[in-house]
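First to last, the protein sequences are chains A and B. Numbering-wise, the working numbering puts 172 at position 172 of the first sequence, and it's gapless, one number per residue. Numbering-wise, the working numbering puts 343 at position 98 of the second sequence, and it's gapless, one number per residue.
Selected chain A positions facing chain B (Cβ under 8 Å, derived; list incomplete):
#1 THR13
#2 HIS121
#3 GLU132
#4 ALA140
#5 ARG156
#6 LEU234
The set of hints was computed from the structure by calculation and includes no laboratory data. Note that the structure is predicted; figures quoted are calculated from it, not measured. Every residue, glycine too, gets a C-beta built ideally from N, C-alpha and C.
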Amino acid sequence: MKILVCISQAPDTTSRIAFTDGDKSFDSSGVQYIVNPYDEWYALVRAIELKEKHGGSVTTLTVGGAECDPIIRKALAIGADDAIRINANPEDSMQVARLISDHASSESFDVILCGKETIDHNGSVVPAMVAEMLDLPFVALATHLEVEGSVAKMNREVGGGEESIEVSMPFVVSAAKGMAEQRIPNMRGIMSARSKPLNVLEASAAASTAVSKFTLPPEKGACKMIDADRPEELIRLLREEAKAI
Amino acid sequence: MSVLAIISTKNGAPTKSGLEAASYAADCAAAKGISSVALVAGEMIGDGGIGATGINKVLHCSEAYTDSGQWAKLAAAAAEQEGATAVVASHDHFGRAVAPRVAVRLQAGLVAGVTELPSNGTVRKNVFSGKAMADVAVNTSVSVYTVTPNAFGIKSTEAEAPVESFAAEVGGVREKVTGFDSASADGQVPLPEAELVVSAGRGLKGPDNWGIVEDLAHALGATTACSRPVSDIGWRPHHEHVGQTGITIRPNLYIAAGISGAIQHLAGVNQSKTIVVINTDPEAPFFKAADYGIVGDAFEVLPKLTAAANALNN
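Just chain A, same shape as in the assembly (with noise of 0.2 Å):
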């Protein structure tokens, strides 16, 4: 079984989120950057339980410039077996989901795993837009998926619920909760992903949506603190005060 997995860098969790070039540009400067945790603690590691399982190979594919190979080689030190980083610059999901797609219309991947999404834009779209462009089917949101002969099961979310699932190969699909669990990369494997091939590829495509101008939000007023003993006050509050109720 050949899996390609999306990979994306994204700020820390705990990263100052400011602006700069007139607000239109995230300012990077001293933010340490991450496997998007959706991509890694989900896609990835599901990747790789399936190729320990039936066997195959699995490969990162990460649009941006050689500022991500450190988040690259961690997802090679985690177990992937090599990784192509398409450099671009990655301007909105139409473009990435474009060269994505471009690279692997020129390969025969069985399955295309992705994070539900990144945690900088929160867009969620770029998988669907893959498995359009390159006709496949697509399930968003998996929760859970297992692979027999061709056929892949999955569970995924749906409001109320999870619906139950079954796909052919090839296929993309995206990762929620409860498809794998955190794997933290070993010494071997940190050794092992220096040796691993880290294919670099020119490619462009066009952009359909553009950031105008990033905002923060406006700061939260002071917490009201209500003594315990009279709960009954909060439940006034949120009723009159709050309108929440």
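Using the hints, position chain B against chain A.
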């Protein structure tokens, strides 16, 4: 020219987030002085209440599609027929699967998770897990928007919309649904759609103590949720986990008991309109993000809150 809302149904009626998308599309169209159309696939009675959101016309396809590729072909055909300059869907499991496919088919720029109507050529969405907003411009002639659940209220007028049947060639089923397991058997509103949420963390000390959380949720008509450690150790099911790696919610009211408020948890709930924090530790970081706080033991405070909420209900 028109704005097209694409809407999924559940149990023979449009979903709540689908009606939010319809309201958004109707307002969008009204602002541009063009007509608004909604496309629904699946069983539905009359106009399904969609006309009440201000939508001018409903296209109804009697076939219930669960395959995202089929749905997208149907939606793209409707967009072409109606000359849609914008297509609107909910940013839930439905919109995340179908809207991107529609955007590819229509060669349209997509802005995912919008929270406000477009204005001055841009549309606003949340980014960085709710820690910032971005105004995004679309540079294609057609735009696709997915609307963040609970961000845009459902409009409710007396109007009814005319219903036309609609069908298109959509090819075969490749995504076969084989079963459904209801996560909220007790009739709770699904967490992503819930307006009221009561959540608890490790401060509850064990899964057997969740009765006091459920009692308060029941008294308020709220949905229950939990923090990551609690779902990781199996006290509560995964689908209840709100936070960075679980699900992101935006209810009107979020009550958190025994949750310290790690930054990863805040990322999933910081868009809630009102946040209440109950914690024994007055230094818990969550108080900084809260609107109301009680320093106290959840085991004492929650039952008192339940009693006060019940007193209000009676």
